[in-house]
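Assemble the dimeric complex from its two separately framed chains, guided by the hints.
Those protein sequence lines, which keep their order, are chains A and B. Just so you know, we're using this note's numbering here: the first sequence kicks off at 2 and counts up by one. Just so you know, we're using this note's numbering here: the second sequence kicks off at 486 and counts up by one.
Nothing false has been slipped in among the hints.
Taking lysine-lysine and the BS3-like style, the derived pairs with C-alpha atoms no more than 25 Å apart in a straight line are: (1) B:LYS669 with A:LYS184; (2) A:LYS79 with B:LYS676; (3) A:LYS68 with A:LYS58; (4) A:LYS82 with B:LYS842; (5) A:LYS55 with B:LYS676; (6) A:LYS85 with B:LYS842; (7) A:LYS128 with B:LYS842; (8) A:LYS58 with B:LYS676; (9) A:LYS128 with B:LYS854; (10) A:LYS38 with B:LYS687; (11) A:LYS38 with B:LYS676; (12) B:LYS676 with A:LYS68; (13) A:LYS135 with A:LYS189; (14) B:LYS854 with A:LYS85; (15) B:LYS719 with B:LYS532; (16) B:LYS854 with A:LYS82; (17) B:LYS493 with B:LYS734; (18) B:LYS676 with A:LYS6; (19) B:LYS734 with B:LYS907; (20) A:LYS530 with A:LYS383; (21) A:LYS38 with B:LYS669.
Hints were generated in silico from the structure; no laboratory data involved. Keep in mind the model is a prediction, meaning the values are calculated, not measured.
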Amino acid sequence: MAKIKIDGKELQVLDGITILEASDIAGIEIPHFCYHKELSIRGSCRMCLVEVEKMPKLVPACSTTVKDGMNIFTRSEKVVKYRKGVLEFFLIDHPLDCPICDQAGECTLQDYVYNYGSAVSRFTEEKEHFQRRKEFGPHVLHYTERCILCGRCIRFCEEISGTRELAIFNRGVRCEIDVFPGKRLDNKLSGNVVDLCPVGAMISKEFLFKSRVWWLSRTESICPICSRGCNIEIDSRDNKILRVRPRPNPEVNSYWMCDDGRFGWDFVHREDRLTSPLEREGGEMVPISWAQAIRLVKERLSQIISNFGKEAVAAIASPYLPNEDNYLLRVLLHSVIGSPHLALYQPPQVGERMVFPSGFTIEADKTPNLSGARDMTTTEGKEPISYREVLRRVASGEIRALYFLGGAPKISLPVEERETLKKADFLVVHDYAPSELTEWAEVVLPSLTFAEREGTFTNFQGRAQQLKPALLPPGEAKPDWEILQEIGRAMGGEVSYPSVEKVFEEVAGTISGYKGLSYKGLGSQGKAKG
Amino acid sequence: MEEKILLKYIDIPDIQKMEVYQKHDGYQAVAKALGEHKPGDIIELVKTSGLRGRGGAGFPAGLKWSFVPKDSDKPVYLCCNADEGEPGTFKDHLLMEKNPHQLIEGIIISAYAVNCHQAYIYIRGEFYQPRKVLEQAIKEAYEHNYLGKDILGQGFHLDLSLHVGAGSYIAGEETGLLESLEGKRAEPRLKPPFPAAVGLFKGPTVINNVETLSNVPHIILRGPEWFKGFGTEKSTGTKLFGLSGHINKPGVYELPMGILLKELIYQYGGGIIGGRKLKAVIPGGSSTPVLTADEIDVAMDFESLQAAGTMLGSAGVIVMDETTCMVDALANLTRFYAHESCGQCTPCREGVSWMEKIVRRIEQGKGRKGDLELLLDICDNISFKTLCPMGDAALGPVVSFITKFRSEFEDHIVQGRCPIKKDKSIKGRG
Numbered sequence: 002m003a004k005i006k007i008d009g010k011e012l013q014v015l016d017g018i019t020i021l022e023a024s025d026i027a028g029i030e031i032p033h034f035c036y037h038k039e040l041s042i043r044g045s046c047r048m049c050l051v052e053v054e055k056m057p058k059l060v061p062a063c064s065t066t067v068k069d070g071m072n073i074f075t076r077s078e079k080v081v082k083y084r085k086g087v088l089e090f091f092l093i094d095h096p097l098d099c100p101i102c103d104q105a106g107e108c109t110l111q112d113y114v115y116n117y118g119s120a121v122s123r124f125t126e127e128k129e130h131f132q133r134r135k136e137f138g139p140h141v142l143h144y145t146e147r148c149i150l151c152g153r154c155i156r157f158c159e160e161i162s163g164t165r166e167l168a169i170f171n172r173g174v175r176c177e178i179d180v181f182p183g184k185r186l187d188n189k190l191s192g193n194v195v196d197l198c199p200v201g202a203m204i205s206k207e208f209l210f211k212s213r214v215w216w217l218s219r220t221e222s223i224c225p226i227c228s229r230g231c232n233i234e235i236d237s238r239d240n241k242i243l244r245v246r247p248r249p250n251p252e253v254n255s256y257w258m259c260d261d262g263r264f265g266w267d268f269v270h271r272e273d274r275l276t277s278p279l280e281r282e283g284g285e286m287v288p289i290s291w292a293q294a295i296r297l298v299k300e301r302l303s304q305i306i307s308n309f310g311k312e313a314v315a316a317i318a319s320p321y322l323p324n325e326d327n328y329l330l331r332v333l334l335h336s337v338i339g340s341p342h343l344a345l346y347q348p349p350q351v352g353e354r355m356v357f358p359s360g361f362t363i364e365a366d367k368t369p370n371l372s373g374a375r376d377m378t379t380t381e382g383k384e385p386i387s388y389r390e391v392l393r394r395v396a397s398g399e400i401r402a403l404y405f406l407g408g409a410p411k412i413s414l415p416v417e418e419r420e421t422l423k424k425a426d427f428l429v430v431h432d433y434a435p436s437e438l439t440e441w442a443e444v445v446l447p448s449l450t451f452a453e454r455e456g457t458f459t460n461f462q463g464r465a466q467q468l469k470p471a472l473l474p475p476g477e478a479k480p481d482w483e484i485l486q487e488i489g490r491a492m493g494g495e496v497s498y499p500s501v502e503k504v505f506e507e508v509a510g511t512i513s514g515y516k517g518l519s520y521k522g523l524g525s526q527g528k529a530k531g
Numbered sequence: 486m487e488e489k490i491l492l493k494y495i496d497i498p499d500i501q502k503m504e505v506y507q508k509h510d511g512y513q514a515v516a517k518a519l520g521e522h523k524p525g526d527i528i529e530l531v532k533t534s535g536l537r538g539r540g541g542a543g544f545p546a547g548l549k550w551s552f553v554p555k556d557s558d559k560p561v562y563l564c565c566n567a568d569e570g571e572p573g574t575f576k577d578h579l580l581m582e583k584n585p586h587q588l589i590e591g592i593i594i595s596a597y598a599v600n601c602h603q604a605y606i607y608i609r610g611e612f613y614q615p616r617k618v619l620e621q622a623i624k625e626a627y628e629h630n631y632l633g634k635d636i637l638g639q640g641f642h643l644d645l646s647l648h649v650g651a652g653s654y655i656a657g658e659e660t661g662l663l664e665s666l667e668g669k670r671a672e673p674r675l676k677p678p679f680p681a682a683v684g685l686f687k688g689p690t691v692i693n694n695v696e697t698l699s700n701v702p703h704i705i706l707r708g709p710e711w712f713k714g715f716g717t718e719k720s721t722g723t724k725l726f727g728l729s730g731h732i733n734k735p736g737v738y739e740l741p742m743g744i745l746l747k748e749l750i751y752q753y754g755g756g757i758i759g760g761r762k763l764k765a766v767i768p769g770g771s772s773t774p775v776l777t778a779d780e781i782d783v784a785m786d787f788e789s790l791q792a793a794g795t796m797l798g799s800a801g802v803i804v805m806d807e808t809t810c811m812v813d814a815l816a817n818l819t820r821f822y823a824h825e826s827c828g829q830c831t832p833c834r835e836g837v838s839w840m841e842k843i844v845r846r847i848e849q850g851k852g853r854k855g856d857l858e859l860l861l862d863i864c865d866n867i868s869f870k871t872l873c874p875m876g877d878a879a880l881g882p883v884v885s886f887i888t889k890f891r892s893e894f895e896d897h898i899v900q901g902r903c904p905i906k907k908d909k910s911i912k913g914r915g
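Next up, chain B with everything else stripped away, as it sits in the complex (with noise of 0.2 Å):
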C-alpha cells in the first residue's frame, strides 16, 4: 500500500475534532509556519514542492501565490474554491467532511503566506453534511487560537468565514466565484484583471481548490523534497482519483501522480462491473476529452494526460462499458453544460443548448446527415471564443465523442434509431 497524504488519517474515528486531530500532527504545520517562516519562505518552499492546482487546471500553486503584489493598499483575501461541481468529482467533499482541520490548516499557512487576513470558503450549496462539519471545525480552531486575533502568540490574525454557495456550476469558475462572494450573479469576469490583481471586492485574491490547500501543511511539516517524493517530475505530489460509472469499486482513491489510468481502473476500481466490455473512460470530470478503452495505457498526470489529447481536469475519473450509448451519454453531458451555462456571453449561451438539442434528436433517431458535421463547426465557433473556459468545457466531450466515436453517431442517423442495448441500471444502486 503506497503511503498517503491528504487521506492518511481519513479512517481516525473522530478525526474532525480538535482533540482528535491535535493528536496527528493536527496544526504542528500551523506552529511551524508561523514560528519558524516568513511569509516568503512559504511561497518558496511551496513553490519547491512542485504543488500544482488541483482543482483542474494545474497552474503552479507556490507561483499563483507570488503574483499577489506586495504594496496594495488594499486589503488580500484568501478564497478556498469548495464549490466542487463538475460531474464525476467529489473529492473535496470527502477531504472537508472528513478532515476538516486540514483543510484549515492550509488555509492559515497560505493566507499567512501571502499576507491574507480574511479568507473564505465557498461552499458548495448543496453539501450540507461538510458545511456542517467545517462550521463545527472552524469554531473549535478560533477557540484553541488557530484563527482570530493574534494566533499562536505569533502577530498574526486571521479570520475564516464559511460562505455557503449559491447553486450553480459556473460559481466554480473562480472570477465567478468571485461575484457570487460579493452577493451578485455567479457570472465569470472579464480577464485581465486576473484575481490576483484585482479580485474579492477589487483586493487581490488567491484562489485555491480544498484539495490543493490540503497539501500545504504536510508540505511544511515534511519538507518540499519529501512532497516532491511522490508522482512524476512535473506532476508532484499524491493525486485524489473519483472513480465512478460502470466499476465494481468506485471511490475517492489517493494514488501519486502519474499512476496508469488502466491500473486505476482494474487494480484499484476492481474492473468492469459483471466483467463487462471496457468502452469509454473520461479521465479528469466530464469537460476533459473521452478515452477509448484503446487509450488506457496512460499515466494518471497532467503532462501524460495532456499528450493524449485530454486532461487530467478535476480527476474524476468516469468509466462507461459497452451498454452505455455514447449518443445518450454525450446529451446527458451537454444537458449539464446548457442548463448550467450563465448565459451572459452568446456562443455558450446560444451554441451550447443548440448542441444539447441536436445530441437529443440524434439519440431520439432523427438525427440527419450533416449533423455532425454541424456539432463539430459549432464547437469551432464556441472554441477559445467565450469569456470564460465554460465553454470550452462544455465542448470537450462533444468534440472527442464525435472524433473517437463517430461511428456510433452515424450508425443513429442512419438507422433512425439508437442500436445500442442500454444497461442503465447503475443509476439504481445509490
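With the rest of the complex left out, here is chain A (with noise of 0.2 Å):
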C-alpha cells in the first residue's frame, strides 16, 4: 500500500496504480482524453497532466504509477494553466460545429472546455482542413475535423477486435484517421469506435442527425440477440429507439458489445407489430378484445381438457423470453391445468461463436434465456418432455391443445413441423408479430418485444439480469407473464402476481440456483445464480 495526498486529500491505496486510477478512487476527477481502461496506456494526448511534489515537469496520470508519500496537485496553479492551454492547442484545428455534431451533449471535449478551458481562443490563423466526412465502414462515418487524434479507435482495431483496419496517415497537424487502403471498417465490433470516440469524429450512420442527445431517455436493459447477454442502455425518444449501446460489465461485456445487437433492434419498430389479440375465423384473423380472447381460450381449454383429459394439454416455452413469463407458463400448465407436458422450443444453431484477441465472444446460441428458460421449465425430480417429443405426441393425437410462447417471429419451422403444428385441434400463440407460428394459431395473444418488457434473463454464464422497460407497449399489447396470470385465473387458478418482482421472488424460493436472488439485487450489473 501507497501513502498518498490528492489536493490534500490523504488516502491509502494499492502500489503500482496509476495517479488517475488513484484520483478515480479518491474521487477527484483529471481530464483525459487517450486513456481508456481497457486500452493499452499510449499517453498521447496530454490531457491529463498534473503537478507532483518533487518532480520537475508535470506528469501524465495515466501513465505515472504511485509512489509511497507522493504529493500530487491536480488543481495547482501550473495545471490550471496548462489545461487551458492544452485545450486551446485541442481547438485550434477544431471546426466548432457543436451546434451540428451528434456528440455534442456528451462530448468530453465539449465538457473539458467549459469546465477548464478558456471562452476565448487566441487562434486567428487558417485551419487545417480536411475532407469533412468519410465512410469507413457499414455503420460508421468519420469526421476528420472533429478528431483529437487520441487514437482510442485505433487501439481498440488492434488490442479488442484484433481487426487493425485503423490507422493515423501523415503527419504533424496533416494526421488524419483512415482506413487502410482497400480496407473498411466492418468488423463485427466496429460501432464501438462510436462510443470510444471522445469527440464527434466516430460517428454512428444509424444515429446520424437522429436527435440531440439530451432529448433521449435512457434505460438499462439486457441485449436479447445472443445468450451472451450484453448489458445496454436503450435510447429512446417519442417511444422509439435511437440507438443502443453498451454498459460497462467486466462480468459479460466489458465495455463492449457486437454491431448485430447494437443495430439489430429494428424488429421492435415493425410495422407489423400485433396490437390486439386475433381470432381465426376461416382464413382470416380477427381482432378481438381481450375479454373475448380469454373467454375464447378458457372454454377451448377446457372442453378439450373435459373431452380428452388434463394430459391432452401441452405447453411451450420460449428462449426467447424472460424467466418470469416462461415461468407463469409453468404455473398456469402444471398448477392450474395439471398438465406435466411443458416443453421448450430450441431453434437450431446456425452459426459458431465469435471469440476476438481481447476474449470478446458472441455467442453462437442466438436466444436471450436458454439457461433461463430451461431452469424454468426443469420440474425437480421429473424428466421434461421434449418439443420434439410434444410434437410426436400431437401428431399421434395424444395432444390435442398447444399453448406456444413465441417471442421470435424470425423463427423457421421445418415444414413437417408445421404440418404437425396443424393437426393440433386448439394452437395459442404469443408473439409480437405475425410469424409461421401466428400462421397456423386459433388464437393469438399480442406481447412485447425486449424494449417493452421488464424481467430476466439469464445469460450463457448463469447471471441472471434485469430488462427494463424503454418503450410504452404498442396498442393493447401486454406481457406474457399478465396474459398468461389472466387465463390462468379464467380457468380457476388462484394466480396473483402484481408483479415481475412477485414472480422472481417465486422463482428464487422454487427453482434451485435461484435460492437467495432478489429482484432488487440483481441490480444493474445482474447476479450470478448458484
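In C-alpha cells:
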C-alpha cells in the first residue's frame, strides 16, 4: 500500500496503480482523452498532466504510478494554466461545429473546455482542413476535422477486435485517421469505436442527425440478440429506439457489444406489430377484445380437458422470453391445468461462436434466455418432455391443445413441424408480430419485445440480469406473464402476481440456483445464480 | 594541427575497403577487446574514458550500457542511430561514407560489452551513398569473420543488419527509431520504461549515435587515459563540428571538446562570407538556442554551452550573418519542426504548427501587437509537456530568437514589412 495525497486529500492505495486510478478512488476528476481502462496506455493526448511535489515537470496521470509519500496536485496554478493551454491546442484545428454535431451534450472535449478551458481563443490563423466526412464502414462515419487523434479507435481495432483496419496517416497537423487502403471498418465490433471516440469524429450512421442527445430517455437493459446478454442502454425518444449502446459490465461484456446487437433492434418497430388479440375466422385473423380472447382460450382449453383429459394440453416455453414469463407458463400448465407436458422450444444453432483476441465473444446461441428458460421448465425429479416429443404426441393425437410462447417471429419451422402443428385441435400463440406460428394459431395473443418489457434473462454463464422497459407497448399488447395470469385466473386458478418482482420472488423460492437472489438485488449488473 | 581520432585516416584513399582499413590499425581493437577483456571491463573502460553520447543529449555511454540488465530472458539489442536529421548536422554522413569499418568495429565492441548478438544500423533513408558503402563494408566484415559466428575464434557471435530509415526527423528520436525499426510509424514511446530495460521487440536495447560508437575502438586500443587527454574534464575526447551557413569554409571539423566557438568560426571556418558581420550562431543543431555575435567567446563543450543557456547538441554550427532576417530564419526552422512533428501528442502537433503560422505571418508583415507574447506563451504550454523531447526541440529556437532578437521581431510588426536586406545567394552555392 502507498500513502499518498491528492489535492490535500490523504488516501491509502495499492502500490503500482496510476495517479489517474488513484484520483478516481479519491473522487477527483483528472481530465483525459487517450486513456481508456480497457486499452493500452498511449500517453499522447497530454490532457491528464498533473503536478507532483519534487518532480520538475508535470507528469501524465495515466501512465505515472503512485509511490509512497507522493503529493499530487490536480488543481495547482501550473496545472490549471496548462489545461487551458492544451485545450486551446485541441480547439485550434477543431471545427467548433457543436450545433450540428451528434456528440454535443456528451462530448468530452466540450465538457472539458466548459470546465477547464477558456471562453476565447487566441487562434486567428487559418484552420487545417480535411475531407469533412468519410465513410469508414457500414456503420461508421468519420468527421476528420473533429478528431483529436487520441487513437482510442486504432487501439480498439488492434487490441480488442484484432482486426486492424485503422491507422493514422500523414504527420503533424496533417495527421488523420483513416482505414488502410482497400479496407473497410466492417468488423462485428465496429460500432464500439463510436462509443470510444471522446468527440464527434466517429459517428454512427444509424444515429446520424436523429436527435440531440439531451432529448433521449435512457433505459438500462439487456441485449436480446445472443446468449451473452451484453448489458445495454436503450436510448429512445417519442417511444422510438434511436440507438443502443453497451453498458460496462466486466463480468459479461467489458465495455463492448457487437454490431448485431447494437443495430439489430429494428424488429421492435416493425410495421406489422400485433396490437390486439386475434381469432381465426376461416382464413382470416380477426381482432377481438382481451375479454373475448381470454374467454375463448378458457373455453377451448376446458373443452379439450373435459374430452381428452388434462394431459392432452401441452405448453412450449420460449428461450426468447424472460424467466418470469416462462415461469408463469409453468404455473398455468402444472398448477392450474395439471398437465405435465411442458417443453422448451430450441431453435437450431447456425454458425459458430465468434471469439475476438481480447476475449470478447459473440455466442453462437442466438437466444437470450435458453439457460433461464431451461431452469424455468425443469421440475425437480421429473423428466422434462422434449419439444420433439410434444410434436410426436400431437401427431399421434395424444396432445390436442398447444400453448406456444413465441417471442421470435423470425424463427422458421421445418415443413413437417408446421404440418404437425396444423393437426392440433387448438393452438394458441403469444408473439409480438406475425410469424409461421401465428399463421396456424386459432388464437394469437399480442405480447412485447425486449424493449417494452420487464423481467430477467439468465445468460449462458448463468447470470440473471434485468430488463427494463424503454418503450410503451404498442396498442393493447401485454407482457406474457400478465396474459398467462389472466388465463390462469379464468381457468379457476389462484394466481396473483401483481408484478414481475413477485414472480421473480417465487422463482427465487422455487427454482434451485435462484435461491437467495432478489429482484432488486440483481441491480444494474445482474447476479450469477448459485 | 591537433591530433585527430575519428578523422585520422579520412583522407587515406580507399580506407572504406577492408584491406586498406586493416593496414591502419583496422580491427585490432576488436581483436584486443574480444581477446583480452571481459564485457564488463569494456563498460568500465568506456566509463573511465568519459565518452558521452554524440547524438545530442551527451549521456555517458558507459553508464548507458551498464543499465542493460544482465539476466534478461529476452535478447539484448544494439541500435546504431544513423538517422542524422538535425538541420545543420552532417557529421555521421561523413563518418559512414568515409570510414565505415571504424563504425562497424565500434558496434562489435559495444555489442560485446552489453552481451548483444543482434545489432542494427538504422540509417536515414536519404543517405544513399553511405548506405552503399556500409553494405559493402558489412559484407567484408562478415567475410573476414569480424561479424557472424565465433568472431575471431573468441566464441562471440554478432549479426549486424543495416535498416534503411522511413524518412522522418522523429525516427531519430531513440524510441521513435525503435518503433520504426519494428515496422511501425515512427512515434516516440512513453518513458519509462526506458529502452535499456524494454526496447526493441521488448528486449533490453542500447541506442548509440554513429560518432559515439566510432570512438569506441580508439578508446579500447589506446586506453581511456589517452582519450581523456582530449577535451575538457567533463567533456572528453574530440568532437566533430559541422560548420554551415554564412561561412567561408563550411564542413566537418574534428577538434577537441572545449574549443572556443569564435576560434571555430574565424580560425577554422575562415570567417564570415564576404567579410560581413556575424549576427547569430546556432551552436548545436537547429534545436539549440541561438547565440548572438557577442556570445561567441564560449567553449564548445557540454558544460560551457549549458552555462551559456544553450546546448552542444549535435554540434552543428549554423552561422548567420547580418543579411539574415531572424524572423525569416525562425519561420524556416519552425516550418521544419511543424512538418516533422509526428502528430501523436497534442502540444507538439498543434502548438508548433500554430507557431509556424504566426512567425510566417510576422515575416510577411502581418504581425500584430501581442504576437510575441502569444508565441512565448505557446512555448510555455509546450515546454516539458510533450511526450518526447521534440516539443522542446521545436521551441528552443523560438524562445531564443524572440528573446535575443526581439527588436527585429518588433520592427517587423510595427513597420508591417521585413526591414532586413536579405542576401539569400548562399542557397545557390550548392
